[in-house]
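Novice: Now for the letters of each chain:
Protein chains: 2
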Amino acid sequence: MTIKQSILVTVDSVVFTIIQNKLHVLLGKRDIAPFKDMWALPGGFVKDQESIDDAAYRDLAEETAVKDIYLEQLYTFGNPKRDPRGRVVTVAYMAIVARENIAIKAWAYTKEVWFYPVDKLPKLAFDHKDIVYYALKRLQWKLEYTNIAQYLLPKEFPLTELQHVYQIVFAKKFDVRNFRKKIAQLGIIKDTWKMQKWQAYRPAKLYTFVSKKVEIVEVL
Amino acid sequence: MTIKQSILVTVDSVVFTIIQNKLHVLLGKRDIAPFKDMWALPGGFVKDQESIDDAAYRDLAEETAVKDIYLEQLYTFGNPKRDPRGRVVTVAYMAIVARENIAIKAWAYTKEVWFYPVDKLPKLAFDHKDIVYYALKRLQWKLEYTNIAQYLLPKEFPLTELQHVYQIVFAKKFDVRNFRKKIAQLGIIKDTWKMQKWQAYRPAKLYTFVSKKVEIVEVL
DNA sequence: CTAATAGTGTCTCTGAGACACTATCTA
DNA sequence: TAGATAGTGTCTCAGAGACACTATTAG
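Those protein sequences? They're chains Z and G, same order as listed.
Be aware that the first sequence starts at 1, since it is given in the working numbering, and climbs by one per residue.
Be aware that the second sequence starts at 1001, since it is given in the working numbering, and climbs by one per residue.
Accuracy of the hints is not assured; some may be wrong.
Unchecked claim - Partner residues are not named here, just some residues of chain G that face chain Z (Cβ under 7 Å, in silico):
(1) Gln1005
(2) Val1089
(3) Val1165
(4) Gln1167
(5) Ile1168
To be verified - Not the full set, but computed from the structure, chain G residues with beta-carbon under 10 Å of chain Z:
(6) Ile1007
(7) Phe1045
(8) Gln1073
(9) Val1219
(10) Leu1220
Because the hints were derived from the structure by calculation, they are not lab data.
Where a beta carbon is used, it is the ideal one built from N, C-alpha and C, also for glycine.
Given only the sequences and the hints, what does the whole structure look like? Please build it.
Specialist: The following block contains the structure:
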């Protein structure tokens, strides 16, 4: 091909998890220019031979020790001025993972890596603030219409925990009875016949998701 | 930057319109390799200085004479083997336009340009079949949840026409009374107090959309 | 008055949401 | 038995969907 084009392609991921009943996003502090010392989403350049999805997975695997993560492409941001170094188009991803399934490694271009509460993010590099906002909307949509909440929970969990997930992501409360009624009739989770054991109060039944595959189901 | 990367970025658009009560997609026959003589979506390379959205608009404007078109980014396809010439990532767009607002020009890399019915597409180049499928899903979703149908209709139209649009896109019939009831209570269209004139039967009232802005509204 | 399409109302059933008490466990 | 959380049922109201006839025009 004789096309002249100077565009670089990166991936950036908005990794959501729940810590202490708050929704958090994974960020790293940049230790090189541009935006040195500012916080940014984990990401990196796509390699010539790998698919974009693979690049997103690889990048997260380089920066964290992670398993059972859900990853989906969000949107491609391609404003010519979004990177002061030159033309960089970024394919943004949204990722969802249970806190217990991710550990932070050292990160190539940054010193510090941290989960930040979404409602108290620091100032972000590039257009990453827009990307996080976009990702949050998608996360809410996915919780509303699919069984994806399982990626924010351990395999077996009490119903109360599931409700907490919804309340945290949507930042509002749901009625206990209506919530349980709705979930039950959807048939997306099933009883494990196990119980919580250690509490100083009535132990809850444990449930598990019927299908690990992400399916369209109207939850709320 | 010292990054070595050999990835080219293109845009491809799935342009929908309705012709003779059928949903059609704009295609062009390629007159250069690869996939010479096969049909493909209109598209082209993104220029270094323009945003991706701009590239999609420009490309359509080069290939057609068009006004009042709706364009939205769909998904980015980046399988390393999707283009036999080398690594090409394409940002796919979905476009919606009323037949009267688009005319076909000569097309740079192809001889023939044509609208094809979505249910009778020829074999397509690259992964364009996947892209059309994805775009169709998005089109249906948008009709279901927004007032976007206006882009498939003239400014003033009878309610029957609006219903036809829905029936064509979803390939199923809706009850006349329920459909009109639903649309009326949504308040997305208003009476123009004009009437059709030329028919050999009872003339219909003409309506128009209240807001040109695409808004989230549960239509179906 | 015929042909052709526009336009209109009611009933049933399902599902969403509001709402308060009892059950079970530990210490 | 006190403290803490788990778990459960009913009523009301709104909206979806099924369904058939009358209205208006041109020729």
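Novice: Confirm or reject each hint.
Specialist: To see whether the hints hold, each was checked on the structure:
| no. | hint | verdict |
| --- | --- | --- |
| 1 | Gln1005 | 5 Å, holds |
| 2 | Val1089 | 6 Å, holds |
| 3 | Val1165 | 24 Å, violated |
| 4 | Gln1167 | 23 Å, violated |
| 5 | Ile1168 | 23 Å, violated |
| 6 | Ile1007 | 5 Å, holds |
| 7 | Phe1045 | 5 Å, holds |
| 8 | Gln1073 | 6 Å, holds |
| 9 | Val1219 | 16 Å, violated |
| 10 | Leu1220 | 14 Å, violated |
Of the numbered hints stated above, those contradicted by the structure are hints 3, 4, 5, 9 and 10, listed in ascending order.
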